[in-house]
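K.L.:
Sequence:
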Amino acid sequence: MTNRYFMGSSVISSYIPFPNIYWWLQVLQADKLLLDGGEHFEKMTYRNKYFIAGSNGGIQLSIPLVQGRQQRSPMQDVLIDNKQRWQVQHWRTLVSVYKRTPYFEHYEPILQPLYTTQHERLIDFNLASVMWLCKQLQAVCSISYTDTYKKDYPESTDMRHTIKPGVERTHLSSIMPYHQVFADRHGFLPNLSMLDLLFAEGPYAVRWMKENEVLIYEWKHHKETER
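Numbers 9 to 235, taken from my numbering, label the letters of the sequence shown in order.
These are computed hints drawn from the structure, not numbers from a lab.
From the three backbone atoms N, C-alpha and C, an ideal C-beta is built for every residue, glycine too.
Each hint should be verified, as a subset may be incorrect.
As the list claims (entries may be wrong) - The calculated DSSO-like cross-link candidates involving lysine-lysine, where the alpha carbons are at most 27 Å apart (straight line), are:
hint: 1; residue 1: LYS51; residue 2: LYS107
hint: 2; residue 1: LYS143; residue 2: LYS218
hint: 3; residue 1: LYS158; residue 2: LYS218
hint: 4; residue 1: LYS51; residue 2: LYS218
Claimed, not checked - Computed beta-carbon distance windows for the label pairs:
hint: 5; residue 1: THR156; residue 2: ASN64; range: 34 to 44 Å
hint: 6; residue 1: PRO121; residue 2: GLN146; range: 37 to 47 Å
hint: 7; residue 1: SER63; residue 2: THR156; range: 40 to 50 Å
hint: 8; residue 1: PRO72; residue 2: GLN120; range: 14 to 24 Å
hint: 9; residue 1: PRO121; residue 2: GLY66; range: 18 to 28 Å
hint: 10; residue 1: PRO121; residue 2: ARG215; range: 40 to 50 Å
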């Protein structure tokens, strides 16, 4: 994707599994992405969950962790509880929801290995999901990594504490809808995992992103003028 607005920009982010559309709109407009493995795990964030469409609204798919919700470790030390059959459950849910979408059948054989390969660390699965999406979007993802937490990155867009369920949805109220499963039942859900857009639009997902990237620029510019 051509970076028209943030030349020389960089983004600092948590490790997130199958990140949502708002995250990708930010990252694909930046030149560099830094993933923070030194920050501590936080509850009520996307660090171990992603959202897809469902017949009654959004469905949350969570990755179970050793120590569960009491997890307080740095992200690089957070372990997945693979005693639970979460990969089987996630995959069955994806198939059930998306099997009739235009492009699920195309991506199914290359996506399923992510759900049959076990990772001990949460960040390893999360990174694998990001790299898989980069490849499908044919995006040049310049990614670097840090194991040392740093509070401030004044020269970067810091998404570690702003990408949370519900927080960024208000910035996407005017986003252009795409053909989404179950939208006829509960309306269009604007900020699901990139998987949702990919299964609906396939190779045209990149075009959709380009048409909507201006929304992020306008929102960022508006916030800057408010300061």
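K.L.:
Go ahead and decide if the range 37 to 47 Å is satisfied by the Cβ distance of PRO121 to GLN146.
P.N.:
19 Å, violated
K.L.:
When you check the alpha-carbon spacing of LYS51 and LYS218, does it fall within 27 Å?
P.N.:
Judged against 27 Å, a Cα distance of about 32 Å means the pair is violated.
K.L.:
Regarding the pair LYS158 and LYS218, is the alpha-carbon distance no greater than 27 Å?
P.N.:
Violated: LYS158 and LYS218 sit about 31 Å apart, past 27 Å.
K.L.:
Do the beta carbons of PRO121 and GLY66 sit within 18 to 28 Å of each other?
P.N.:
For GLY66 against PRO121, whose Cβ atoms are near 26 Å apart, the range 18 to 28 Å holds.
K.L.:
When you take the CB atoms of PRO72 and GLN120, is the distance between them in 14 to 24 Å?
P.N.:
Once the Cβ atoms are compared, 20 Å apart, the range 14 to 24 Å for GLN120 and PRO72 holds.
K.L.:
CA of LYS51 to CA of LYS107, is that 27 Å or under?
P.N.:
31 Å, violated
K.L.:
Taking the CB of THR156 and the CB of ASN64, does the distance hold inside 34 to 44 Å?
P.N.:
42 Å, holds
K.L.:
Kindly confirm whether 40 to 50 Å is satisfied by the beta carbon distance between PRO121 and ARG215.
P.N.:
27 Å, violated
K.L.:
How does the Cβ-Cβ distance of SER63 and THR156 compare with 40 to 50 Å: does it lie in that range?
P.N.:
44 Å, holds
K.L.:
With the threshold set at 27 Å, check whether the alpha-carbon distance from LYS143 to LYS218 stays at or below it.
P.N.:
With Cα atoms ~17 Å apart, LYS143 and LYS218 stay inside 27 Å; holds.
Hint violations for this structure: numbers 1, 3, 4, 6, 10, all remaining hints satisfied.
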